[in-house]
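Participant: Chains A, B, C and D supply the protein sequences, listed in that same order. Per UniProt numbering, the first sequence starts with residue 1, numbered consecutively. Per UniProt numbering, the second sequence starts with residue 1, numbered consecutively. Per UniProt numbering, the third sequence starts with residue 1, numbered consecutively. Per UniProt numbering, the fourth sequence starts with residue 1, numbered consecutively.
A hint or two may mislead.
[Unchecked claim] Covered stretches of chain B (chain C as the covering partner; in silico rule of three or more C-beta atoms under 8 angstroms from a C-beta of chain C): (1) 8–20; (2) 47–59; (3) 284–298; (4) 337–346.
Simulated from the structure, these hints should not be mistaken for lab results. Idealized CB from N, CA, C, for every residue including glycine.
Here's the letter readout for the chains.
4 protein chains.
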Amino acid sequence: MIKVGIVGGTGYTGVELLRLLAVHPDVRLTAITSRKEDGLPVADMFPSLRGRVDLTFSAPDKVDLTRCDVVFFATPHGVAMSQAPELLAAGVKVIDLAADFRLKNQSSFEQWYKIPHTAPHLLEEAVYGLPELNREAVKSARLIANPGCYPTTVQLGFVPLLRAGVIDAGSLIADAKSGVSGAGRKAEIGTLFSESSDNFKAYGVSGHRHTPETVAQLQRFTDQKVGLVFTPHLVPMIRGMHSTLYARLTKEIDNAALQALFEDAYKDSDFVDVMPFGSHPETRSTRGSNMLRLALHRPEQDGAPGNMLVILVVQDNLVKGASGQAVQCMNLMFGLPETTGLQQIALLP
Amino acid sequence: MIKVGIVGGTGYTGVELLRLLAVHPDVRLTAITSRKEDGLPVADMFPSLRGRVDLTFSAPDKVDLTRCDVVFFATPHGVAMSQAPELLAAGVKVIDLAADFRLKNQSSFEQWYKIPHTAPHLLEEAVYGLPELNREAVKSARLIANPGCYPTTVQLGFVPLLRAGVIDAGSLIADAKSGVSGAGRKAEIGTLFSESSDNFKAYGVSGHRHTPETVAQLQRFTDQKVGLVFTPHLVPMIRGMHSTLYARLTKEIDNAALQALFEDAYKDSDFVDVMPFGSHPETRSTRGSNMLRLALHRPEQDGAPGNMLVILVVQDNLVKGASGQAVQCMNLMFGLPETTGLQQIALLP
Amino acid sequence: MIKVGIVGGTGYTGVELLRLLAVHPDVRLTAITSRKEDGLPVADMFPSLRGRVDLTFSAPDKVDLTRCDVVFFATPHGVAMSQAPELLAAGVKVIDLAADFRLKNQSSFEQWYKIPHTAPHLLEEAVYGLPELNREAVKSARLIANPGCYPTTVQLGFVPLLRAGVIDAGSLIADAKSGVSGAGRKAEIGTLFSESSDNFKAYGVSGHRHTPETVAQLQRFTDQKVGLVFTPHLVPMIRGMHSTLYARLTKEIDNAALQALFEDAYKDSDFVDVMPFGSHPETRSTRGSNMLRLALHRPEQDGAPGNMLVILVVQDNLVKGASGQAVQCMNLMFGLPETTGLQQIALLP
Amino acid sequence: MIKVGIVGGTGYTGVELLRLLAVHPDVRLTAITSRKEDGLPVADMFPSLRGRVDLTFSAPDKVDLTRCDVVFFATPHGVAMSQAPELLAAGVKVIDLAADFRLKNQSSFEQWYKIPHTAPHLLEEAVYGLPELNREAVKSARLIANPGCYPTTVQLGFVPLLRAGVIDAGSLIADAKSGVSGAGRKAEIGTLFSESSDNFKAYGVSGHRHTPETVAQLQRFTDQKVGLVFTPHLVPMIRGMHSTLYARLTKEIDNAALQALFEDAYKDSDFVDVMPFGSHPETRSTRGSNMLRLALHRPEQDGAPGNMLVILVVQDNLVKGASGQAVQCMNLMFGLPETTGLQQIALLP
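Pulled out of the complex, with its shape left as it was, chain A reads as follows (with noise of 0.2 angstroms):
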C-alpha cells in the first residue's frame, strides 16, 4: 500500500484528491494538514465523506510527512517549493497540484505568480505531469508539476497538430470556458452564487497565468515560434472545462487524416476520448472522471475561410484538471496500471 499525504486539504483539488484515494485500492490515506482546521475530522468539513474517510487535519507541525511515500500538494502556489526540498531529501516523492513547478523559467514563474521561488534547483528536475505527452518522464519521476487545468485541454488538442506541422503555430487560439469550481473553496464576492449564477464572462483576457505555461509546453513540440491568444471564461457551472481551438491549416490534408492524427497520438491514452470527427462533446459526459474527450471540426460553409480547424476539448477541471490527473501520474510513479483508481464514469444526468 503507498501511504499518501496531503497538504492543505480544505480546498476543491484537496476533496477531490480524497473522493479518488479513498477508493484506489492500493493506497492508505495517512495524513491530511491544514493550519486552520487542525484537529477538526475531515468529514465534518466534507459530509459526502462522512462513514468514507476517518482522517482528522493535523497541523503542518504536528505530522511527520516523510513517512508517507507520496505528498500531495493541494495548496496555493508557493507552498510546495518550500516543503519539497526536505521530502525529496527524505525519500518521498512530492506532486505539487499548484504551479511552483510548472515553468522551468524562473523569472517567468516570479513575474507571473508574484513571489520568489525558494527552490530554483528543482525547476530541471520537476517533471510535467501530463502523461499523454509525457509519460515515460513521469514514471521515473520524484517531482511532479501537475499540469494547470487549461493547458491540459489546450496542449492535448493541439500537440498532435504541432507535432505533425499541419498548422501554423503562431497563430493559435484558445477560447476556452471553466466552470466556477476552478476559482477554488475561497470566499469571494466574484464567485458567490448570485453573482455567477445565470452570468457568463471573460476574465483575464490581457493575460492569465496559464499561457506562459502554455506557451512554453506547447513550444517543445514544434521549432516554428509559438503565438496563443488565449481567452478564458466562466460558466455558470459547477464543474467542467470546454475548450475550443482555432487553428489556421498549412498544409492540404484531408479530414480523414487529421482524424488518425488523433488517434493515433493517443492510441494508448486511455483517459483522451477520440470522438468521431464532428462530434460535440459535452462537459458533462466527463463529469466525475478522469476522461477528456476531443472532436475535431473544420467549418466548410459558405463564407467560412476554408483553412480553419476547430478543435473542441472537454474535461473535468477537478479530475483531468488536476487532481485526477494527480493520481494518474502517481500511479505510474509507483509502477502501477495508468487507470488504477480512476475508473469512475461520468454522472449522468
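With chain A's structure known, arrange chains B, C and D on it following the hints.
Facilitator: What follows is chains B, C and D alone, placed relative to chain A:
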C-alpha cells in the same frame, strides 16, 4: 396609440414582446394569435402577466389583423412570408422576428432554412432591423427583418473595424455563447434542465444558419471578401449572450484609436455601451434590458501574437437580441424616440 | 420630486433600490453612502446601472443626509438605529430595510440580534411597513421598519385565516424556501456558486431571527396564542421565495369560502395576487416585480387528514420581500399612488 | 457473474443503472432493450459511457431476456407487469423500478395510475424493495417493487418514530423537494431549462401518486390510522431530494432518546447516515452516491410549539431513490454483501 398585433405569442420572443409592450406608453395591445391556444387568456399561460395583460389568444382566422398599425411575427420561420403581403397591402407595417426576410438571396434562404420562399418579391424591400447600422432605412420601412440574436453581437462588434479597414476581413472568428432560452419554448430533450444544466457544449460547429446572415451583412461594410468562422455554444443560463470576437489587425493602430473607432460609431446609439478598453462585460449586466455592451482587448502578453484584437460583446438574447430590438425598430418606424418603453434596467443580481 | 438618500448601497437591497428608484417618476436620487467605496461611481460597481445612474458613493461623513426627504437604510442591523434619531429630528423620513425597528420588544431584539438597541424610544413609534396589513399607519409614519422577506410571505398567507378564526393558531407550520440572494452580497464560502448550486438544504431550523418577528405580528390578528414552526431552506436560484404554509382548520368551511376570505382581504392590494384555488404559483412569475402571489390547497386525497389547509406563497425576495416593499411604503408616506414606479412585469423566462 | 438485463434503458434510471452496474464486480451486462433505439450503441446516446459500456440497444423482440439471471425494468408504469410473469416463470428474478408492484391494493393502483393491472396475482408476492425496513424479505424475493424516490425518504424518516409510538401518526406532514431529474428524460415544456431554472414551485399538492404508496407502507408500522399531507416541490438542481418531515410528539421523550431511536434503527444499514442531532444535511452530500442522510431537530424557540419534531432527510433521487436502491436489492437477492458496487463517494463540489 399604436395598435399592435402579435402573431404567435406562445414562445419566448412572444412573451417578451408582451412584457415590453404592456408598459409601452404609446402602444395598445390589440390582438395576439395562437392556433393551439385559441381562447386561452394570455396570463393563464404566462402568470407573470396576471393583472397586467388581459388579452386572450385567438385563432388566426378569428382575428382581423388589418385593424392593427403594426404586426409582429414571433413565429417559426415561414409564417411571416405567408401573411406579410396581405398585411402590407392593407397598410399594416410588419416586423418579422424570424428569418424570412433576413437574407436578400432567395436561394441562400432556401438552402439554409429548407423551405421555399413564398414572397421573394419582398426580399428587396425588407429592411434589416439593426438600427445602429441601419437607422434611416428602418425609419421609413414597411417591412422589417429583425436580426438574429448572434448576428447582432457579431456585427456590432466587427463593423467599426471593417469600416475603418484595420482588420483582415477574411479571417474573422466569432466564438459565441448563448443562454438556453435562445433555443425557444419547444419540448425537446436537449434543452431539458437535466440535460443542459451544469453542462457546456458547442453545437452546429460545422454550419449554423446565422453564418450566412452575418457574412452578408458584414460584407456591406468592406470591399475585402469576408471570411468568418462562427462557433455557437450553449451556456447553462436562461438569458444572455456573449460573443468573443477575434480579428487580425492589418494596420498599425493604437488602443486609444481603436477605442475611439467604437465610441464614434455608437455615439448616437443609446443601446450600445462601449465600455472602457480592457473591460470584461458580463451578460447579467444586460439581463432584461435592451442594452448591448462591448469592450476591446489586445492580448500582448508573452507568447501572444501582437496583432490580434479581441472584442467582447454581451446582450440579453431575448431583448436586444430579439424582442427589444423589434420594439426599437417599431419606435423608429412610428417616429417615436428610439428608447421609448425600453428603459428597463437590467436585473442584477 | 422626492429627494432620496440611501445609506449602504453596496448590497443587494441597495442595488435593487437603485434599479427601482432610478426609473421612479417622482424621485430624485440625491445621495448614496458607503464607507468602503467612497468616490467610486455606483455604475462601476454595478455595470447594470451604466448610463442610468450617475451617482457616486460617498463616505457617510461627507454627505448631509438631512437634505433628503427620505433616507433608506440598506445596511446591516444596527446602523439605522444609530442615525435615525438625528434624521427624524431634522424632519427626514426613515425607512429601515434591516431589523432595527421590527420588534417592539427591546429585549427580544437584543436576544436575537446580539447587539444593544441604542434607540429604544423609537420602537413604539416605528411602523411595521407591510402595507397590505397596515396601510393607514404607513401613510402617516415617519419611521418605517420594513418587514423581513420571510415574514412578509408568512403573514400574508396566514392573516386572513387568523382574522376569520378558522384555523388553530397554535400549530402553524411555515416551510420556507429562499433564493441565495437572501444571504446578501457578502464573501462567504457557504454561498459560493460551487457550494450552493445543484444543492438544497435547510438552515437555522433550530431558530431563525424571522420567527419572533413573524409570531409577534401574527399575534396581532388572533386572541389565541400563536405557535409557529418555521423552517427556512436555501434554493439554488438567485431570486425568489416560496413559503409552503400548513394550518389546521378548526371550523367547517368550504373551499369557496376560504378563497373568498383571501380575495376579500386583498381586494384593494394591487401587489397581492390571489390565484385560483388549487393553483401552483411559481417564484419566477414574480422575478423582478413587486407582486406576491398565493394559492390555497386542501389535500383531501386518500390518507390525508381532512382538516389541513396548505397555502402556497411566492414573491421576489429582493422586491416585495425587501426593496420594492420599501418603495411601496415610501409611495404611501408621500401621498403617491401605491404602485408608482413599481409596475415592472416579472422577467419570464 | 450475474447476467443482467435492462428493459428500457434510455431514461435516467436506465443510464444510472448502467453507470452503477458497469463497474459492479459481480455483474455482466447482458442485454438492454429499447423499442425506439434498436441498434444504437448505448454509448452513442450517453457519451459518458464511451469506452466503458459497449452494449447496443435491442428491440424487445430481438433479445431473449430469459438468458438473464435478473432483469431490471427502468420503464414507464405498465411495462413490467406485462413481462414479469413470463420472466419469473423462466426462473429470472425481476426488479421493477416503476410502480407496477408497489401497491398491494389493485384498485388503488388502478385509481392512481389510470391503467388496468394485468398481473394482479403477483401483487401479493412482490416484495417492497426498501432493504432498511424489509431486508429479509428482499433476500428471498423473486420480484421486487423498487420504492418511489419520495416514499424512501418519508418512510426512513418516520418509521423509527412510528415504531416507537411517540408521534401522532394521524397528522404527519412531508414537505418534499426534488431535483428535476425526478421528472425523467421526457421532452416536456415544464422541465425545460428555461422553465425550471432559477425557479421554485410546488406541484401535485392536491394529490400525488406517492402518497398512497407511502401511507400504505407507513401503516405497517403503527396501529393508529396514518394521516399524511405530502407536498412535493421542484428544485432547480439536477439530482437530489430533500424531505422536511413534521411530526407531533405525543410522549415525553428527550432529544437523546429520539436520536437513539434512529441510530438504533439504522445501526446495520450502511446506506443510512444518522447525523448528529441538529445537523442540516445537504443534498449534495449524497450526489451520485447511495447514501441517505438524516438529522433531527426540535424547534423550541420562543413562539414554536414545544411538541413538534422536524426530520430532515436527503438522498440522490436517482441512486438511493431509484437505481442504487435497485442494485442494493439485487445484491441481497443474490447473496452478495449489500454494499457491493455501491461504494461511490458523493461528488462534492
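Participant: Do three or more residues of the segment 337–346 of chain B come closer than 8 angstroms to chain C, measuring C-beta to C-beta?
Facilitator: holds (count 4)
Participant: Under 8 angstroms between beta-carbons, do enough residues of the segment 284–298 of chain B, three at least, approach chain C for the coverage claim to hold?
Facilitator: It holds: at least three residues are needed, and the segment 284–298 of chain B offers 8 whose Cβ sits within less than 8 angstroms of chain C.
Participant: With a cut-off of 8 angstroms between beta carbons, are at least three residues of the segment 8–20 of chain B near chain C?
Facilitator: n = 3 at 8 angstroms, threshold three: holds.
Participant: So is the segment 47–59 of chain B in contact with chain C by the C-beta rule, three or more residues under 8 angstroms, or is the coverage claim wrong?
Facilitator: Result for this restraint: holds, n = 6.
Of the hints listed earlier, there is not a single one the structure fails to meet.
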